[in-house]
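**Student:** Sequence lines, in order, name chains A and B. FYI, my numbering numbers position 492 of the first sequence as 492, with every residue one higher than the one before it. Start counting at 1 in the second sequence, then tack on 1000, and there's your number in my numbering.
Just so you know, the hints here were simulated from the structure itself, not pulled from any lab data. Watch out, some of these pointers could steer you wrong.
[As the list claims (entries may be wrong)] Distance windows between CB atoms, simulated:
| hint | chain 1 | residue 1 | chain 2 | residue 2 | range |
| --- | --- | --- | --- | --- | --- |
| 1 | B | S1143 | A | I502 | 33 to 43 Å |
| 2 | B | S1061 | A | G259 | 16 to 26 Å |
| 3 | A | D5 | B | S1011 | 52 to 62 Å |
| 4 | A | A284 | B | M1001 | 32 to 42 Å |
| 5 | B | Q1133 | A | E501 | 32 to 42 Å |
| 6 | B | G1007 | A | A24 | 20 to 30 Å |
[What the hints assert, rightly or not] A few chain B positions that, by computed beta-carbon distances, are all more than 12 Å from chain A:
| hint | residue |
| --- | --- |
| 7 | A1017 |
| 8 | G1134 |
| 9 | A1164 |
[Unchecked claim] Keeping only pairs whose Cα atoms sit at most 35 Å apart, straight-line, the calculated DSBU-like set for lysine-lysine is:
| hint | chain 1 | residue 1 | chain 2 | residue 2 |
| --- | --- | --- | --- | --- |
| 10 | B | K1127 | A | K190 |
| 11 | A | K165 | B | K1079 |
| 12 | B | K1079 | A | K77 |
| 13 | A | K66 | A | K77 |
Just so you know, even glycine gets a beta-carbon here, dropped at the ideal spot from N, CA and C.
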Amino acid sequence: MYRYDEFDETLVKERVAQFRGQIARRLNGELTEEEFKPLRLMNGLYLQIHAYMLRVAIPYGTFNAKQMRMLAHIGRKYDKDYGHFTTRQNIQFNWIKLEDTADILEDLATVEMHAIQTSGNCIRNTTADPYAGAAVDEFEDPRIWAEVIRQWSSFHPEFSFLPRKFKIAVTGAPNDRAAVRVHDIGLTIKKNAAGETGFEVMIGGGQGRSPFIAKTISEFVPRDNLLSYLEAILRVYNMLGRRDNKYKARIKILVHEVGIEEIRRLVEAEWENLKGETSVDLPAEERDRIAAYFRAPSFETLADTDTGYEARRFEDRDFRHWVRSNVVAHRQPGYAIVNISLKPTGGIPGDISGDQMDAVADIADAYALDSEIRATLQQNLVLPHVKLSDLPAVYDKLAAAGLATGNIGLAGDIIACPGLDYCNLANARAIPIAQQISDRFADLNRQYDIGNLEIKISGCINACGHHHVGHIGILGVDRKGEEHYQLTLGGRADDAAAIGEITGPGFSADGIIDAVDNVVETYLSLRQDPAERFIDTLERVGHTPFKENLYGPKAA
Amino acid sequence: MALIKNGTQVSDQWLVAADDTPVQADIPTIVSYKRFLAERDTLVRSRAELGVKLVPGDDVSAIAADLPRLQVVALDFPKFTDGRSYSTARLLRQRYGFQGEIRATGDVLRDQYLFMKRAGFDAFQVKDGAEAQGWIEAMGELSHYYQPAADGTNAVWAERHAIAAAE
Ligand code: HEM
Ligand code: SF4
């Protein structure tokens, strides 16, 4: 993984000192809250209902055991002994004091971590495929480019006061696990006919109150021109994006209002000029320097499988089930990708205690190559490189820490935003709904029978819980002062990305749990065979049978 | 109002003229973009030293041909959260090769200083003496930059490889 050199280290430390000064000027009244707000946001510090919340970046989701232990320490010392993994490869601490923030950032800097640009109207933490470097279907590690983008976008002199926040995601595999089509810019690494590496560039995706799937602006940008192309897009957006209305300020609205053809023309013209004016495109030696950090770890030469692992799988049903849902094939023989679910039955999606963080760190040290850990877009964790022969031990240790729930990609693997429990923009609670659905589907056998099902819940139309792209999406709304929930079906964030459709009238907090159950039962009764996933059945039969079962034949 | 240039407070020689004030030959004057476009020929023929002030949304390419005749371009920040003038500054320096003063006006706060400097600004109109001091401090807050911009400083990667080459 990437390691800071003296320059990265100096910059992160200077940023902490700078922020310490900004906090001091806020505390002594030199800065008004209005002036301080964009400054603290650019360092990931939000003011929530009860306290400050600090969002720490896990750039492109890659970190290690030592960093995880530091996160545990911060949870213990400055928060209520836990942290919350988000959908954008960040971790949030919900109970932070303003006075402590600079010390926390200083602690983070000792393990090469920071909160730079995890919020604010700037280029945010760039996300990437959590299976990067391990996935069977990958043709180039997206983290090389995510790191290139991290450096380029940090403290960018032109793009730190954009009309609105700006999120970039990168994938190096045809099966999109980075949700690139619901980002402001989505990048997919590909090769052109001449065999050169470059990017398909998609822009204008996003969720929030007006969800859009990104449109392709360029089929192929050569890799060595990526940064100048990004500067061209960002400049067009900075100059033309709407600043009169916060809800229309994202690039998706600009693309929608002006049209992708015109945006493409403007970006291409800007790019032609920029190429001659700036040296922003990295020279090969810097690209190679960064790429070297992402070379494959030193894998051992192993057989395709392992007898101890096979024996345990044969004997132990729980282990077998966990392997089936949480372990994914690795490109290297004898290795596996291990997913760690942060969705225990009835739990709060993405929450993890200090002790659990330490346990994951210990397991990573003992069994994961380079002690590497990943954070996923589903609020879960991954150990990317684990030997098959170590899986039984890894499973036992995860189980002992309460981290072996075998529900990845299943009904219990729910995404939920903080909602009304924490967030001052919320209309409704999201976490308790997730907990109740999780309880309703507590029987793992039932979850295995249902198969892949993505349930996503947001507490308001800002869609932090990704409800638009949930197979089943739930949106909390306010109806005459009461929490009320809309149901959407058919959303997805993968390579066939789509926005879900609202089923009809919404439901009460209790009613929504039954409604989800109802939808699942409809699916079970209609699927051709157990291999047909919920999302495929829905596509084949359409929404009508689901609506009929929810509202009665007439309503549909 | 104080003017900071090259990290020190200097006295401001320039008059910012309202659109209906006549321009006098011996007084360096900054006029609005709208006025400059409307009275271009008269203004360019006058012997006055001239500056033009652009607000976000004004199209800098419309004055590109006249830049050699201008000593100052002032770029306004109606609110510090409106970042369009950063792009305009880079265009002035990097596309149109403007060598004169680029002055930040309006809601100019010390925490934007480094961004502005790197985008090509070299003069900053700030509120009062106390703030001018803060600005001078702010200059030293970051010592390296990840990306090249309009102020001629090297990006970190250039420093990295300069060291590697020297070793
Ligand atoms: C509790 C404090 C939070 C606040 C005040 C907040 C605020 C917002 C707002 C206002 C938007 C809409 C922005 C727009 O569409 O222009 C948004 C979108 C989003 N937020 Fe949050 N959020 C919070 C927490 C979270 C958390 C915990 C997560 C991850 C679990 C998250 C992930 C996202 C994502 C992924 C989007 C989405 C979509 C997009 O970029 O279009 N946010 N948030
Ligand atoms: S979706 Fe709404 S309620 Fe949920 S975290 Fe985002 S802003 Fe808050």
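**Student:** Does each hint fit the structure? Answer for all of them.
**Tutor:** Outcome of the hint check:
1. In this structure the hint that S1143/B and I502/A lie 33 to 43 Å apart at CB is violated, the actual value being about 53 Å.
2. At about 22 Å, the beta-carbon gap between S1061/B and G259/A stays in the expected band of 16 to 26 Å.
3. Taking the beta carbon of each, D5/A and S1011/B are about 44 Å apart, not inside 52 to 62 Å as hinted.
4. Taking 32 to 42 Å as the suggested C-beta distance range, the pair A284/A and M1001/B does not conform, at roughly 48 Å.
5. In this structure the hint that Q1133/B and E501/A lie 32 to 42 Å apart at CB is violated, the actual value being about 59 Å.
6. Distance hint for G1007/B and A24/A: a CB-CB separation of about 22 Å, consistent with the stated range 20 to 30 Å.
7. The claim that A1017/B is not at the interface with chain A holds, since no C-beta of that chain comes within 12 Å of its own (minimum 27 Å).
8. Not every beta carbon of chain A lies more than 12 Å from that of G1134/B, the smallest distance being close to 8 Å; the non-interface claim is violated.
9. Separation of A1164/B from chain A is inadequate, the least Cβ-Cβ distance of about 8 Å not exceeding the 12 Å criterion.
10. Our distance criterion of 35 Å between C-alpha atoms is broken by K1127/B and K190/A, whose separation comes to about 51 Å.
11. Using a Cα cut-off of 35 Å, the hinted pair K165/A and K1079/B holds, with the two alpha carbons roughly 17 Å apart.
12. Under the criterion of a C-alpha separation no larger than 35 Å, the hint pairing K1079/B with K77/A is inconsistent with the structure, at around 38 Å.
13. Taking the CA atoms of K66/A and K77/A, the gap is about 16 Å. The hint holds against a cut of 35 Å.
Consistency with the previously given hints fails for numbers 1, 3, 4, 5, 8, 9, 10, 12, ordered from lowest to highest.
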